[in-house]
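Visitor: Spelled out, the chains give:
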Amino acid sequence: MSTTIERPATAAPVTHVGRPLDRIDGHAKVTGAARYAADAPVGDVLYAVIVQSTVAGGRIAEIDETATRAVSGVVEVLTYRNAPKIPAFPFDFTVPFAEQLAPLQSDEIHYDGQHVALVIAETFEAAREGAVLLRITYAPGPFQATLEGAHETELPDNFFGNAMQVRRADPEAAFAASEITVDATYSTPVENHNPLEPSATVAQWRDGELIVHDASQWVLGSRAAYAKAFSVDETQVRVLAPYIGGGFGCKGFFWAHQTLAAMAAKVTGRAVKLVLSREQMFTSVGHRSSTRQRLRLGASRDGTLRAVLHDVQGESARVGAFFEPAGVVTPMLFAVPALSVSHRVAKLDIPSTTAMRAPGETPGTYALGCAMDELAYACGLDPLEVLRRNETETDGESGLPFSSRNLLACYERGAEAFDWSARTHAPRSMRDGGELIGWGVAAATYPAMRSRGEARVTIDAAGTIDVASATHDLGTGMYTILAQIAADALGADPRAIRVRIGDSAFPLAPVAGGSMSSASIGPAVHAAAERIRREVISIATSAGASPLHGLRADEVHVVDGILRAKDDPARAIAYADVVRLGGSGALEALGVAEPGKEQEEYSFHSFGAQFVEVRYDEELARLRVSRALGVFDCGRVLNAKTARSQMIGGIVWGIGMALLEETVRDDRYGAVVTNNLADYHVPVNADVPAIDVLFVEEPDLKFTALGARGMGEIGITGVAAAIANAVYHATGVRVRDLPIVPEKLLGGAAQAAWRK
Amino acid sequence: MRAFEYVVADSSAAARALAREVGAARFYAGGTTLVDLMKADVERPQRVVDISRLPLTAIERRGDVVRIGALARNSDVAYDATVAQAFPAVSEALLSGASGQIRNSATIGGNLLQRTRCTYFRETRWRCNKREPGSGCDALDGFNRGHAILGTSDACIATFPGDLPVALAALSAHVVIEGDAGERTIALEDLYLLPGDEPQHETSLAPGELITAIELRVEPLHARSHYLKVRDRASYEFALASVACAVELDGGRIAQARIALGGVATVPWRAVDAEAALAGAPPDDSAFRHAADVALSGARTRAHNGYKVELAKRAIVRALRTVCGGAA
Ligand SMILES: Cc1cc2nc3c(=O)[nH]c(=O)nc-3n(C[C@H](O)[C@H](O)[C@H](O)COP(=O)(O)OP(=O)(O)OC[C@H]3O[C@@H](n4cnc5c(N)ncnc54)[C@H](O)[C@@H]3O)c2cc1C
Ligand code: SF4
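Just so you know, the sequences run in chain order A and B.
Position in the first sequence (from 1) plus 970 gives the number in our numbering.
Position in the second sequence (from 1) plus 1321 gives the number in our numbering.
Bear in mind the hints are in silico, worked out from the structure with no lab data behind them.
Bear in mind that the values here come from a model prediction, so they are computed numbers and not experimental data.
Do not rely on the hints blindly, as some may be mistaken.
Covered by chain B, according to a simulated footprint, are these stretches of chain A (three or more residues, beta-carbon under 8 Å) [to be verified]:
1) 1097-1105
2) 1576-1586
3) 1635-1644
For glycine and all other residues, C-beta sits at the position ideal for the given N, C-alpha and C.
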């Protein structure tokens, strides 16, 4: 095997890359052939159902398993009393444990919804019935599950490399001296990911080795966690996640149910299937922290920022470490001479918060985006114009120039496509029939990240091209873009390429998070495929039996899997024949790609502009998004169709965030009450208007040879601000806490207007 | 879910007999309420009697009465030409409910007997007087944004969630019930009981009684009817507030009006005083607002549902204006 290390240098050739190729896995998905974790073809499985605590603090006093064990088919009941001991989880983020707490290790209760028992049975029905019949009595203890009254607060310095307490110049003085000021506090609620596929794990021990079919956004991270939890070597664990039915962050870290499934398999000696219920998804795989964000903007009368002070208050679990870094965009998005950003995190007795759809950027662009709109109105200026006036070429935080920043072009193309110039400035000034119309805009941004990634490309004697990497496809299009990248390098048809991903036995890939998978794995596939192509051409031009014998490499090209002499197309040989000529059964190359010193020279970010129209039926407080347009600058677009779909998905979630989504806890109990999809509202088709997506495409060759900055999370950023701003424009009411539900629009001035 | 016995009934008499043989039996019609609640361990029938194959699906007109079989599917009724024409509010109410898939399964009888969506009722961990009489009510001081403001008691503030029964209440529908003593017909409103001190008693049905049909009268008042539903999202959600109304105009005046409210009350709520206030009034906004104020005058709100008073009033005004042919 040969290894090629990719370095950003020259642009990669593109033929298939960029095209709106249909998903190569689409057929399998719509026909049901694609097997998700819970569909794993594992025979003779037992079913495990989790029982969760119904108090937020205290201890388990008593457990009565009699009725449970009497259910026919129940095989075992695991509680802290009989569960195998598990070493304490290391909590340094080298292994992605979401919670410090290994499950079923003591009678202590740390939060409502903690897993306290596992019922294992021959059928799912018996396990469910057994779980319902398990009697657990608690000795409840005190707990703190609300920000109000929280006595333990942390001031984190750092969040995955981002400074959390930032100061630049003298922001207080600059704010005080500003001609125009805005001082407003915005809040966002707890939210849950709610992917279509609930988390599921099918675990099996075979000869000391653990095989897990898992709904995981990080097969290698999960592998490391299983190995640590069960004190085995990583090579003895294999985690498979070829298809994932959405994750949005809730399948990135390693959660207690994964440990429980493997534990149950170990105890019973059988394969065990564990699927979380929808209700359990609200407390078992993390949530987005609520935030309270005070923003003070100081500006000149012309709308240019002089000072920004952004104070974020959020929550974090006592058993976890994740929090919502909502201030991350503030130091880099606009030109700000004097700045302060602070994060305060209250430690609460709640399940761990986790990454969800652009953690930090999403609530951050909401608050900052609304404050910029408030500033525009305070200055009497068009909101888009104020965004334009605060444009910057350098990242104010690192001081580095952006590798590529086309935000102005996004504003411009968006304004044109949206017909922004037809907007009238005053709130309540646009109407259509009985409805008020509002237009809002906000900036979107997300960092371009990459991590070391590897991929193996193989051509066998039948000419089949195979691409393998331990990366993931959460419905994002990863299968398809990897085929497109390999196809370009190899002169092949992308549909003829077999892509295999989501297997910890494959070459190294990072978590499917931070929108970094394409930028990490794409160049690795490209490097491996280029290497193979060179080897194939070298064999074809040197082997005596080859029709291309004697030609120089540059006299040969490859089209549709056939090598031909450029000036004599009749001289040709197929890949398969070259492989056979080469004498080995297959040709194989490992491509490795990793960030280099360009990281010290540039700041890498994607940008965008979100434009939204809302319609408001004032009498009924009925608010609907009627038009949305996102214009994005994400470097090269690898597949116009899947990229567009990702951005549409982000905007739809942004609609949910702005108008609908909220996880409500009953403060008396510290427990989630909206733990189902009837009470936790996500947008349905009728809530989603026609959404337009445009790309301002400039390949970012400073980033990688492919020039793609990665796409995914940026789609949701800025959407909630654009919607809230549009709501203000339509109604004249500033709602500063999400979601914007009818009761926040009723009453006050709006009510008086209706009564008149 | 707990183990249960499943039996199929081949006649309505057999269904009733099978139901009465055991202490806790439930009829299974479309199953969309029952099975959900069984999974949540809220309904714990010993026996489930499948009535879905009984021949009670017809929609027939006899003279001025339209009789809809209890097992007619929500979708079939909503799209029935007679229903849509003679009782627009019924058709609109059905189509505003649930989703296409659920409406294809859900039956009319089951719809009448759907149970509250009160989140504290639907999970056994909470205190709930309706589920466990005497245990208390966690909704009173809990998260009660969706809860009722009319017809409540100190024991229970659960909202009746349905749409169809609200339209039926406005159109003075009757319910046909088959019991041991034969068939009886009651006004729809007499089917439902206010929570009072015993919210576990929701209907006036005796154990084992079967709903076989509903009946609606064809008359001009009912043909000029409308159902308006207000909710957070555009589809697939229960009402925050809803209004069914019917109006008969006589010259420039309202001859008679019917108003029923959904999403705000513990039962399908007929606003009789508001109807009386409209009789003889001109069909204009000031009359509609007055009627709305009257309809909500008895509202009792809790921490999170105060907005429903205003929202319901506005919905009443809009619905009346729409049905009287005024501008939207
Ligand atoms: C996700 C979801 C969303 C929904 N949204 C709405 C909505 O927006 N608006 C709305 O109005 N409804 C809504 N519903 C409720 C739905 O309309 C009801 O579940 C449905 O109408 C019940 O009919 P069924 O035939 O399925 O009843 P089943 O579940 O079969 O029965 C319900 C109850 O009625 C009893 N029963 C059934 N038939 C008879 C009979 N003939 N005689 C005596 N007892 C009987 C059963 O024993 C059971 O106790 C929703 C339901 C779901 C699951
Ligand atoms: S409102 Fe009624 S249904 Fe809800 S918890 Fe209270 S008693 Fe139970």
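Visitor: For each hint, tell me whether it holds in the structure or not.
Guide: Now the hints, each set against the structure:
1. 1097-1105: Since three or more residues must qualify, the claim that chain B covers the segment 1097-1105 of chain A holds, with 4 doing so at under 8 Å.
2. 1576-1586: violated (count 0)
3. 1635-1644: holds (count 5)
Going through the hint list in order, the structure does not satisfy hint 2, though it satisfies all others.
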